[in-house]
Amino acid sequence: MTLEQAAHIDLHMHSTASDGRLSPQALMTLCHQRGLSCAALTDHDTIDGVEAAAHQARVLGMTLVPGVELSTRWQGVGIHVVALWHGTAQAPMMALLERLAQARHDRALEIAARLEKVGLENALARAREQNPDARLLGRPDFARALVEAGLVPDMTRAFRRYLGAGKTGDVKVHWPTLEETLEGIRQAGGVAVVAHPLRYGLTRRRLGLLLDEFTELGGEGAELISGYQNDDRSRDLASLLVKRGLYASLGSDFHYQGGALAPGTLSSVPRSQLVPIWQHPRLIPAFKRP
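The numbering of the sequence shown is the numbering used here, which starts it at 1387 and goes up by one.
Rather than coming from a laboratory, the hints here were simulated on the basis of the structure.
There's no promise every hint is true.
Okay, derived cross-link-like pairs now, SDA-like style, lysine to any residue, Cα gap no bigger than 25 Å in a straight line [stated by the list, open to error]:
| no. | residue 1 | residue 2 |
| --- | --- | --- |
| 1 | LYS1558 | GLU1507 |
| 2 | LYS1558 | GLU1515 |
| 3 | LYS1674 | ALA1574 |
| 4 | LYS1674 | GLN1573 |
| 5 | LYS1558 | THR1432 |
| 6 | LYS1558 | LYS1674 |
| 7 | LYS1558 | GLU1599 |
| 8 | LYS1558 | GLY1575 |
| 9 | LYS1503 | VAL1538 |
| 10 | LYS1553 | ARG1512 |
Since the structure is predicted, the reported quantities are computational estimates derived from the model, not experimental observations.
Work out the full structure: start from the sequences and follow the hints.
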């Protein structure tokens, strides 16, 4: 199956285990309703929802590829790396996830403390109420708490006033380096994929440098399409990936119903020589139908 024929695959989605709004089970049901036969659950820095999603996928006759979207840093820029694998998560992956969990917990405590100073009482508890299923809280949970408390009218204003870059709740985290992240994925037998490479605001030259270093450190794939993209930029990205011999992945980055993206929502895939990520030798077993 070529990339152009992969309308039934989505390898980047989120559930209530991180900052999505559907439970893992409900997400798989929605995927099935939308005609998907293969999906990956890639919550931020946690695999807490993978087992439940895998069970529901089996019930529905779908394939669930285990995954996670890992927070990392490269030259001062926050970069996300999707890890995909077959079977159960190995010890190196669990160690990396525990490190990220601690970093996210510490950040949540600091965000809560800062927001309380500007009027959001019991900020941590209020954020927890927004996403009781998630072990790790993120900025969207605090944004929803700000909206519910009446401090802002909507999520956009919450980020613009309190949680966006340089604002009160913008707490910097010392994420693992790109090298550390890729080493953990490699040791765990997973395959590392650059998530939404066109969304970091990098110039073409810097994006090329990122992809060069990613490849040199053992990274093997990148998301050619992430939701909606400009077709010209997609074609240019394809040429960058071909040049470096990277596998191509596809994903909507779905978070919630009612938004611009739904599971399986993807821009058109440009013609290229890229090899799909589902043909990676270590991942072929993960993509087999149940």
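- Item | Pairwise hint evaluation, GLY1575 against LYS1558, where the allowed Cα distance is 25 Å at most | Violated. LYS1558 to GLY1575 sits at ~30 Å, over the 25 Å cutoff.
- CA of LYS1558 to CA of THR1432, is that 25 Å or under? holds, 19 Å
- Given the hint that LYS1553 pairs with ARG1512, does the C-alpha gap stay at or below 25 Å? holds, 19 Å
- Given the proposed pairing of LYS1558 with GLU1515, does the C-alpha separation stay at or below 25 Å? holds, 24 Å
- Message: With the threshold set at 25 Å, check whether the alpha-carbon distance from LYS1674 to ALA1574 stays at or below it.
- Response: holds, 20 Å
- Straight-line Cα separation of LYS1558 and LYS1674 no greater than 25 Å? violated, 40 Å
- Query: Does the alpha-carbon distance linking LYS1558 and GLU1507 stay inside the 25 Å limit?
  - Reply: holds, 22 Å
- Query: Quick one, are LYS1674 and GLN1573 close enough, alpha carbons at most 25 Å?
  - Reply: This hinted pair holds, its Cα atoms lying about 23 Å apart.
- Has the given pair, LYS1503 with VAL1538, been kept, meaning a C-alpha gap of at most 25 Å? holds, 15 Å
- Message: Please verify whether LYS1558 and GLU1599 have alpha carbons no more than 25 Å apart.
- Response: Holds, at about 23 Å.
Checked against the numbered hints above, the structure violates hints 6, 8; every other hint is satisfied.
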